[in-house]
Amino acid sequence: MGGSWREYIRGMRNRVVSLALLAAVLLSGGTGWCQVGASTAEKVTRPDRGLGRALREVLREGPGQARTGAQEKGEEAGRVLMILLDPTPALQGTALLAKMESALQGLGDRLKDTRIGLRRVGDKRGKLLAPSLDRKALLRALGEAVVRTSPGFHDCYKELRSLAIYLGKLPGRREILLVNLDNPDVEGGLEKTVRLLRKNGIRLSVITREAYISDPYWEARSYEKPPRGTRFFPADGPFIDLPWGWIFQMSSPGEVSPSGFAVYGMNRLAAATGGKVYLFSPQATSSHSCGYSSSCPFCSGDHLQASEEFWDGRVNQLAPLVVSRKEAFRLIVSDPAYRAVDRAWREAARAGLIRSLPSIQLGKTSASPQRRKARGWASLMSSLNLKGNAKKADRLRADCTRILANMEGMLERSKKGRSAPRSLAAAALTRFELQLAIVNLVTYAAWCREVAPRLLAEMEQPPPPPEVSWSPAGKRPVGIGYSNLSLCHGVEPFERVQLPGGALLRKELARLQNMRQKIEERYGHTGYAFGLHRAGIAVFYFTFPGLAKTPRRPRNKSKKKDTQTAATERGRPSRAGGRSGGRSGGARTGGGR
Amino acid sequence: MRPPFPFRFPLLLALLPSGRWTAPHLPHQDRVAQLVAQLGESKDSSRSYQAFQKLFKQKPKAALPLLVRALPGFSLYARSLAFSLIGSYPWDQAEPTLRKLLHCGAPAVELEAALVLRRQGDKSLGPRIAEILEHAPTSKERRAMLLRLGSLADPAIQAAVRDLLSPKLSSIDWDAALYYLLLSQDPKAPRLVQKQLADPTLAKDSRSLLQAFLLGAGQSTEDTAALVRDLESNGNFYRLQKFLLRAETLPPPVLEAALAFLRSHPDNYQARYAIALLARHKHQKALPLIRKLVASRQPLVSQAAFDALQKLGGLSGRASFYQFLKSSDPSLVLRAADTLRRRDDLSGLPKVLELVQSKSPAAKRLRYKALQVLGEFRSPRAVPLLIQALDDPDPSNRSQASWALAKTLRCIFPYRRIDLASAGYRPGATAGERADAVARIRAWWARVRPAK
Numbered sequence: 051m052g053g054s055w056r057e058y059i060r061g062m063r064n065r066v067v068s069l070a071l072l073a074a075v076l077l078s079g080g081t082g083w084c085q086v087g088a089s090t091a092e093k094v095t096r097p098d099r100g101l102g103r104a105l106r107e108v109l110r111e112g113p114g115q116a117r118t119g120a121q122e123k124g125e126e127a128g129r130v131l132m133i134l135l136d137p138t139p140a141l142q143g144t145a146l147l148a149k150m151e152s153a154l155q156g157l158g159d160r161l162k163d164t165r166i167g168l169r170r171v172g173d174k175r176g177k178l179l180a181p182s183l184d185r186k187a188l189l190r191a192l193g194e195a196v197v198r199t200s201p202g203f204h205d206c207y208k209e210l211r212s213l214a215i216y217l218g219k220l221p222g223r224r225e226i227l228l229v230n231l232d233n234p235d236v237e238g239g240l241e242k243t244v245r246l247l248r249k250n251g252i253r254l255s256v257i258t259r260e261a262y263i264s265d266p267y268w269e270a271r272s273y274e275k276p277p278r279g280t281r282f283f284p285a286d287g288p289f290i291d292l293p294w295g296w297i298f299q300m301s302s303p304g305e306v307s308p309s310g311f312a313v314y315g316m317n318r319l320a321a322a323t324g325g326k327v328y329l330f331s332p333q334a335t336s337s338h339s340c341g342y343s344s345s346c347p348f349c350s351g352d353h354l355q356a357s358e359e360f361w362d363g364r365v366n367q368l369a370p371l372v373v374s375r376k377e378a379f380r381l382i383v384s385d386p387a388y389r390a391v392d393r394a395w396r397e398a399a400r401a402g403l404i405r406s407l408p409s410i411q412l413g414k415t416s417a418s419p420q421r422r423k424a425r426g427w428a429s430l431m432s433s434l435n436l437k438g439n440a441k442k443a444d445r446l447r448a449d450c451t452r453i454l455a456n457m458e459g460m461l462e463r464s465k466k467g468r469s470a471p472r473s474l475a476a477a478a479l480t481r482f483e484l485q486l487a488i489v490n491l492v493t494y495a496a497w498c499r500e501v502a503p504r505l506l507a508e509m510e511q512p513p514p515p516p517e518v519s520w521s522p523a524g525k526r527p528v529g530i531g532y533s534n535l536s537l538c539h540g541v542e543p544f545e546r547v548q549l550p551g552g553a554l555l556r557k558e559l560a561r562l563q564n565m566r567q568k569i570e571e572r573y574g575h576t577g578y579a580f581g582l583h584r585a586g587i588a589v590f591y592f593t594f595p596g597l598a599k600t601p602r603r604p605r606n607k608s609k610k611k612d613t614q615t616a617a618t619e620r621g622r623p624s625r626a627g628g629r630s631g632g633r634s635g636g637a638r639t640g641g642g643r
Numbered sequence: 082m083r084p085p086f087p088f089r090f091p092l093l094l095a096l097l098p099s100g101r102w103t104a105p106h107l108p109h110q111d112r113v114a115q116l117v118a119q120l121g122e123s124k125d126s127s128r129s130y131q132a133f134q135k136l137f138k139q140k141p142k143a144a145l146p147l148l149v150r151a152l153p154g155f156s157l158y159a160r161s162l163a164f165s166l167i168g169s170y171p172w173d174q175a176e177p178t179l180r181k182l183l184h185c186g187a188p189a190v191e192l193e194a195a196l197v198l199r200r201q202g203d204k205s206l207g208p209r210i211a212e213i214l215e216h217a218p219t220s221k222e223r224r225a226m227l228l229r230l231g232s233l234a235d236p237a238i239q240a241a242v243r244d245l246l247s248p249k250l251s252s253i254d255w256d257a258a259l260y261y262l263l264l265s266q267d268p269k270a271p272r273l274v275q276k277q278l279a280d281p282t283l284a285k286d287s288r289s290l291l292q293a294f295l296l297g298a299g300q301s302t303e304d305t306a307a308l309v310r311d312l313e314s315n316g317n318f319y320r321l322q323k324f325l326l327r328a329e330t331l332p333p334p335v336l337e338a339a340l341a342f343l344r345s346h347p348d349n350y351q352a353r354y355a356i357a358l359l360a361r362h363k364h365q366k367a368l369p370l371i372r373k374l375v376a377s378r379q380p381l382v383s384q385a386a387f388d389a390l391q392k393l394g395g396l397s398g399r400a401s402f403y404q405f406l407k408s409s410d411p412s413l414v415l416r417a418a419d420t421l422r423r424r425d426d427l428s429g430l431p432k433v434l435e436l437v438q439s440k441s442p443a444a445k446r447l448r449y450k451a452l453q454v455l456g457e458f459r460s461p462r463a464v465p466l467l468i469q470a471l472d473d474p475d476p477s478n479r480s481q482a483s484w485a486l487a488k489t490l491r492c493i494f495p496y497r498r499i500d501l502a503s504a505g506y507r508p509g510a511t512a513g514e515r516a517d518a519v520a521r522i523r524a525w526w527a528r529v530r531p532a533k
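If you read the sequences in order, they're chains D and H. Note that my numbering has the first sequence beginning at 51, numbered continuously upward. Note that my numbering has the second sequence beginning at 82, numbered continuously upward.
None of these hints come from the bench; they were simulated from the model. Heads up, the beta-carbon is just placed ideally off N, CA and C, and yes, glycines get one too. It is possible that some hints are incorrect.
Label pairs and their computed distance ranges (CB to CB) [said to hold, decoys possible]:
id	chain 1	residue 1	chain 2	residue 2	range
1	H	K135	D	G531	18 to 28 Å
2	D	R422	H	A532	41 to 51 Å
3	H	R310	D	S345	45 to 55 Å
4	H	P465	D	P512	18 to 28 Å
5	H	Y319	D	Q511	51 to 61 Å
6	H	Q391	D	G426	43 to 53 Å
7	H	E222	D	E500	57 to 67 Å
8	H	R200	D	G531	22 to 32 Å
Isolated chain D (complex conformation) (with noise of 0.2 Å):
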């Protein structure tokens, strides 16, 4: 009877234990889980002051940073610092080999005590220079990889893998410095690079390009195959938090939209080793265009946005998390902002509205990633029924209205600061997105009932002088396309614009600009504001087969792997005025030539 009783209690023990685990557990999912007040990379990044000056910090070991137990061992046996150059054509007239002997210079006996050595990503294994104290030969050496440059993609993870390795024999405080200009999109082993950094106590920083936000560049382009062992990941997150592909837009806002931080995978490296990542971009990047992939018809080139430079309080608020991304999965799945944008993406793309799905699949208490694809976009312009194509339009707007609706409810209904401000700023942009679909479905609608019918009379009866007909002569319409209307110069100078659409046009316009004026208010002087004014109004055309004819294309099968170049990195737009704006001047994420 007394083992019962013994067993009975030590039964009770554990059933109070259990409990009150789970009740911590419950209750701390309240505020305690929120990604408010979590580690982002504000305090990582650097923003763009030139490539000597960031060369001179890491030198002089920059600004202070925690030291790890391993690292502290070291103090007495001097500094080992090791460079990793990821030789990329963007080092080509940044001047680095100049720059870095000005900054040895002028260091002089600060430098006294610090072994230098270099490694060249894509050299022979074993081949590097090791850490020593003779810079004749670090700057020979390097003059040497500097004009050695090689295009394509590289995994730099593999190579600070190895040398954790190499530096986790030697005695001393252990640092690198990654050049890395060109390649930070290319992610391999991230977690496990981490891990060996911090077990050989080694602190890693950075030298890269800005990131866009939430860049989902490679997303869409999956068919692009990364080197094997990696993956593209150009977003300045843990995840692609931002939906992408909205109907009837040439362009995603995180494809456009400067981050004013570094790649998720160097804010990691950085953050978790104790190093700095410093931001820099070559010169001539920096310049504004109102459309990406679009025309603006309000000006010619000469546009002055002056929210477009970053203001450094409005994006630290907005910082990327540097957590691990199970840690930041744990983090996400309270966030009542996100919530609410996750239950818009998913309900537009099963509405055919977005043409991707969120990158994670929000679960009770952590997130996993998503495996599923989404449909595509629903099929209003893939026949000329044009009857057809308006009521579908009619239809996917009512569904627009209520998608947008729920989000509205959602978002009231959180309660305030349970959400991140980055959330936040997604949920503003996602809002803004859906109303833009609707008032493009509203004008889509009303082309295809008054503006094409008119457009194909043209052909039988053309229009009065100075009018001409839109249409090749003896050429049929074989489809529709679209085009957009940059928003760069915001909704109102729309009102001069002759669109089809009516009363209800001009109602849905308001709310767009209702919104917009607001976005403005929070976010201008942030990369949120890129997003809002390169979205833009489309415009409808009637597409006719082309004159000329296209060759075949020749099927040669490469005979190399992991040689694949970037499709297009010079393309997107990058930051007018970066530099005057204390943050880096020129996102360019998306693949290295």
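We have chain D already, so just place chain H on it with the hints.
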């Protein structure tokens, strides 16, 4: 044994080389030949352009062999049109034509063809381009060729251009060669240039160019004495600024030299380059002087000063622009209205409308600029005035008005395709023709103009 097929008919064989029987000219081929001949006309560039437009639209296959034969004799303008035309053909037709042009005997044409092919990815042509450059008949032709290279980064071409560098080179040749090396970001050039700078026989004006190149290439150079002297005394900004604008930072003596030049020559045409340079490098000390130069008599200097003030933050907020809008100087009013328009503020539009209508001599002198600014507003309010300006007595104002009107109408009516020529309007037409066309356009506008 019977001979092979063609040798069985000696008469047919005899006729083959003449081409008369093998390729008889059809009527449309004669038209194409006429158009190709018109394209190469050196006297009238507008006729060349008309021929180009027709050929561009039709893309007749027959034009390609004709171009191969005629291109070596074309003028520079006609040559550039011809290459644009060839480039617009499907690649399976354009490529053989370009390959034939590689052996046409005219170095400039061969270079152009090689460049097109090289840019399409044929790396084997790098050495060929280098060879053409090396064997250019005159230094003038070589300079023209260097300018055509753009920023093409090919090791063989870069090596060939580096080989050209010698202290004996004239400063114009240094200019062309260094600019190519800068644009193509040749990593070996800075070291070579530094060596050349050590040569005492190097001419003074070339020395300043070399120093400017090093600064533009991001190299730190302590010796900028020649550059400073050149900027202070001669200006020479026209040649140096393209290097200096690319520099990430400039040493203070160089900026001071630019400022000194600006102080001593405020009305010189090169002052605008000095202003642009000082603004690009945010030299705040120049701000008071640049502020004064906004009222310069030289329109280009005044424009540069106005732009520089914006970059240097010399115009705080919109209030400064509103002050300029009230100015009695119409050119300042126009600039302020245009800058506000660029900032999405259309409050300058009434002033511009007023200026376009004004009959004062100062406003009349600025009518061309006023019409240009008015066109940039893309406003329906501007349309009646622009239609009226289509019949302006000054032909340049008429073309500006037609250009501005086309832009405005394209913006207002995205679903209407408008061509003023279809209403019979040409800026160069007779007064009677113009009046008829303007009446037609006015009637059309009355019908379609948006309701207020």
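Each hint tested on the structure:
1. The hint said 18 to 28 Å for the Cβ distance between K135 of chain H and G531 of chain D, and at roughly 26 Å that hint holds.
2. The beta-carbon spacing between R422 of chain D and A532 of chain H, approximately 49 Å, falls within the hinted interval of 41 to 51 Å.
3. Remark: the range hint 45 to 55 Å for R310 of chain H to S345 of chain D is upheld by a beta-carbon distance near 48 Å.
4. At roughly 25 Å, the beta-carbon separation of P465 of chain H and P512 of chain D lies within the given 18 to 28 Å, and the hint holds.
5. Range check, Y319 of chain H to Q511 of chain D: about 56 Å between beta-carbon atoms, so the 51 to 61 Å window is met.
6. Here the CB-CB span from Q391 of chain H to G426 of chain D is close to 45 Å, well matched to the stated 43 to 53 Å.
7. The beta-carbon spacing between E222 of chain H and E500 of chain D, approximately 59 Å, falls within the hinted interval of 57 to 67 Å.
8. The given range of 22 to 32 Å is respected by R200 of chain H and G531 of chain D, whose C-beta atoms sit roughly 28 Å from each other.
In terms of the numbered hints stated before, the structure departs from none.
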